[in-house]
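Full structure from sequences and hints, please.
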Amino acid sequence: MIETIPIPGIEDFDKVYWENCSKNKLTIQHCGDCNEARFPPRHMCPICQSISHDWKEVSGDAVLWSFVIPRPPLLPVFDKQSPYVVGLVELVEYENIRIIGQIQTNSNIDSIKIGDTLTIDFKKINNEISLPYWVKNN
Amino acid sequence: MLKDKTAIVGIGQTEFSKSIDSTELNLACKAIKNALGDAGISPDQVDALGSFTYEETPEFEIARNLGFGNLTYWSQAPYGGGASCAAIGQVAMAIASGIANVGVVWRSRKRGDPSSRMWSHTDEKIFDHWKWSRPSGLVRPVDESSMLIRRYMHQYDYSRESLGAVAISLRKYANANHEALMQHKFLNLEDYMEARMISDPLCLFDNCLESDGAIAIVITNLDIAKKLQNKPAIIHAYSQGMNKEHQLMTHYHGGDPLESSSYVTASNLWNLSDYSPKEIDVAQIYDAFSPMIPFSLEAYNFCSKGEALKLINDGLINIDGELPVNTSGGSLSEVYLHGMNLVTEAVRQIRGSATSQVNNAKLALITTCDATPNAAILLKGE
Chain A
71 MIETIPIPGI EDFDKVYWEN CSKNKLTIQH CGDCNEARFP PRHMCPICQS ISHDWKEVSG
131 DAVLWSFVIP RPPLLPVFDK QSPYVVGLVE LVEYENIRII GQIQTNSNID SIKIGDTLTI
191 DFKKINNEIS LPYWVKNN
Chain B
578 MLKDKTAIVG IGQTEFSKSI DSTELNLACK AIKNALGDAG ISPDQVDALG SFTYEETPEF
638 EIARNLGFGN LTYWSQAPYG GGASCAAIGQ VAMAIASGIA NVGVVWRSRK RGDPSSRMWS
698 HTDEKIFDHW KWSRPSGLVR PVDESSMLIR RYMHQYDYSR ESLGAVAISL RKYANANHEA
758 LMQHKFLNLE DYMEARMISD PLCLFDNCLE SDGAIAIVIT NLDIAKKLQN KPAIIHAYSQ
818 GMNKEHQLMT HYHGGDPLES SSYVTASNLW NLSDYSPKEI DVAQIYDAFS PMIPFSLEAY
878 NFCSKGEALK LINDGLINID GELPVNTSGG SLSEVYLHGM NLVTEAVRQI RGSATSQVNN
938 AKLALITTCD ATPNAAILLK GE
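So the sequence lines, in the order shown, correspond to chains A and B. This note's numbering puts the first residue of the first sequence at 71, with every later residue one more than the last. This note's numbering puts the first residue of the second sequence at 578, with every later residue one more than the last.
Take the hints with a grain of salt, since some may be wrong.
Listed next, the in silico DSSO-like pairs over lysine-lysine satisfying Cα-Cα at most 27 Å (straight line) [claimed, not checked]:
id, chain 1, residue 1, chain 2, residue 2
1, B, K702, A, K126
2, A, K85, B, K939
3, A, K126, B, K580
4, B, K702, A, K194
Examples of chain A residues toward chain B, derived with CB under 7 Å [claimed, not checked]:
id, residue
5, P78
6, P110
7, R141
8, L144
9, F148
10, I184
11, T187
Honestly, the hints are just simulated from the structure, not real lab data. Since we're looking at a predicted model, the values are computed, not measured. C-beta atoms are modelled at their ideal positions from N, C-alpha and C, and glycine is treated no differently.
Next comes the structure, spelled out in structure tokens:
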């Protein structure tokens, strides 16, 4: 098993997404023709089949849709982190965009609840990849 | 049309164990030999094969070990737990359309060893869709399923105690099944509540077993089936299903993540069938994780959304309930072979030879993994 955190491989259709995460900016892919937002990023618009696309910066503000607390056996890097919280968050600026990310707990896992409002932050993994994670609003 | 043109006429398996000192090919050969023996069909009559894309024993090795005749059809179905009914359905379609006459579908798997689990082979760099979840520590299928059941429990106001009824119901069936790995292990609510968490809120007993073994089935057209020794389990309806935005696993990015591909499969299956959910005598519901049973009962329209866990706690899926489910103990308590044991158990129910037999079972539903693109089959007796 790998000892390091698995990192996303960068492809042509999500290169801009990861470049912007490295600048602590969350950007969402939109169709260049019909303007439909989509996540995860992909080659083609599922509404109008256009391959043209743009990236729009969003606040990252989100609501916690659900979360889990994984326990070992996990990949070694996550065994060391456990217990941690991974959430599926819904971006407030869209109806149907949900993203996976860790939820910062400040050592108080019991305080995390479905419906919590969240603010985004980024954790630098290497020069190319920063992963978004979310922090509960007070 | 596929309806009532083919039947499952033979079932076979190896021993089930946490660890078997044998290769997957050896196990596959034994299970297939047993299935053909059960059917009363000579290996040289086999001309079609169906398997999982995850199967590692190739068709030609199977064919030359068993001594099959000339093959005219073979296919593989993808998505692991979603594949069993698809592999069977595809062979059944080939037979119904006249391409072949006698088909074998098998699954052989050594999974007891922790290093055999797919997630443990996660690469340093991820290029498939898991790049959007695994780097954040959502690594295993159980984590992906756990996300859904926490939301469900929140939305419909259920506790862990309510969910425990699923694992406890299945364990009772396994306690009556001499082939089940958990035959001698009893489970009550106290054991369940004290079990270690695997992916909170899912604990050890919400997870399928990790086991070694192989299972095979034999399919023929109805003319051949009627001349054989066993009561045929007729394939009445079959469908696959994949909804918009589904991925492997989960439907996190679709309209409602709780509305899985099972809703697509179920809708088409019932349209193709002469029967409705209330007429079904027994169901074998894919259960890699316990939440898949309430999720699937709702998707297949046995009850309304949010209602399944309450009905399970009221006894719905027990042997004296309205819809006994996973009557051999299922993947949670009999054996985990990507759901193929659910197929053999459905056939036993139709034959009247199950260890927890439903009286006069004539219609048996088999489903596959609620969290992946999937498939289902409705079997009927004569």
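Exercise. So which hints don't hold here, by number, going up?
Worked result: Those not satisfied are hints 2, 3, 11.
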